[in-house]
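**Q** Please model the entire structure based on the sequences and the hints provided.
Sequence order for the protein chains is W and F. So in the working numbering, the last one in the first sequence is 258, and the numbering has no gaps at all. So in the working numbering, the last one in the second sequence is 258, and the numbering has no gaps at all.
Derived by calculation from the structure, the hints in this document are not laboratory data. Treat each hint with caution, since some may be false.
Since the list can't tell identical chains apart, any single copy or any two copies may satisfy a pair.
Said to hold, decoys possible - Here are the simulated lysine-lysine pairs, DSS-like style, with alpha carbons at most 27 Å apart:
1) K182 x K172
2) K252 x K126
3) K160 x K253
4) K126 x K253
5) K140 x K160
6) K212 x K167
Protein chains: 2
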Amino acid sequence: MDLRPIGVVIGPSEDEVNRNMWKGGVKGIIKVYEEFKEGLLGIENFSHIIVISWLHKITEDQRKILIVKPLRMTDLGYKLSELPTLGVFASHSPVRPNPIGITIVKLTKRQDNLLFVEGLDLYDGTPILDLKGYYPYQSKDVRVPEWSKKLRSKV
Amino acid sequence: MDLRPIGVVIGPSEDEVNRNMWKGGVKGIIKVYEEFKEGLLGIENFSHIIVISWLHKITEDQRKILIVKPLRMTDLGYKLSELPTLGVFASHSPVRPNPIGITIVKLTKRQDNLLFVEGLDLYDGTPILDLKGYYPYQSKDVRVPEWSKKLRSKV
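**A** Below you can see the structure in the form of structure tokens.
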């Protein structure tokens, strides 16, 4: 089960990413390494792509954490006591046993091995593991937790 | 960049999975290993979850392939000549440099460390790398390739 990065994020400062986390993300470039470039054939026909990344800032110790609070929500003005306590698998916390990130981004332009995207929540230098064309998932009965509906009302 | 399975798929026969690939997938169980069970806290409040898996049947040689045809579509009655030639990153082919699968499934029941789900396209024994609560992605301007709209009309 070994992974090989197929590309890397070229993005703005961490500060800018953090500031825009709740505002639809930032603009950036996904640079696919030359040896994997062929795999991009036809990707420009998708308006959105799924970006699978390795959250490289997560430490070995953080990978042992199984219970979290969605701390980033304090950016929205919430107090710690107002945030739910969650298992990592019920959250999108970057802290988790396998720090794999999933982001759906808008693909605005492809220039050879460079993908210009909007909606990134990833830092400059984040290794990319995989890309997949995005198809909207259709289901009428999607339900999200109450805490989430309430807290996200501030976004 | 090492991965540790956090669970495993308990599912029906491969034959059944393949037969139902275009019919919304199969029912199965995701068994989360005891040591990671705590990470499930609150997951039952989501109707749907994102399942991130390691497509364990992909060989080292298949990980070098960058151009594919969506061969599974021959199940729908298409001839090989009717199928587009695609880069792996523009497809959801299991053949890709990092054989990571993403499936959105319906969570019908949680029983301790067992998650009963519907909509699986994974084989019995597939290692699970991560789970995340599913939030519907909202975008008005999602566009998918013409070939896909045409071919999927048979589903």
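**Q** Pop the pair K160 and K253 into one bin, within, between, both or neither, using alpha-carbon distances up to 27 Å.
**A** Neither way: K160 and K253 sit 29 Å apart in one copy and 42 Å across, limit 27 Å.
**Q** For K252 and K126, with the copy left unspecified, which applies at a CA distance of at most 27 Å: within, between, both, or neither?
**A** Answer is within: at 16 Å inside a copy they meet the 27 Å cutoff, but 31 Å across does not.
**Q** Up to 27 Å between alpha-carbons, please classify K140 paired with K160: within, between, both or neither.
**A** Both, since 26 Å and 24 Å are each at most 27 Å.
**Q** Cα distance capped at 27 Å. Does K212 pair with K167 within a copy, between copies, both, or neither?
**A** Between copies, since 26 Å is at most 27 Å while 38 Å is not.
**Q** How would you classify K182 and K172 at a CA-CA limit of 27 Å: within, between, both, or neither?
**A** within (11 Å within a copy, 51 Å between copies)
**Q** Given a CA cutoff of 27 Å, do K126 and K253 count as a within-copy pair, a between-copy pair, both, or neither?
**A** Answer is within; shortest intra-copy Cα gap is 17 Å, inter-copy 35 Å.
When held up to the earlier numbered hints, the structure conflicts with hint 3 and nothing else.
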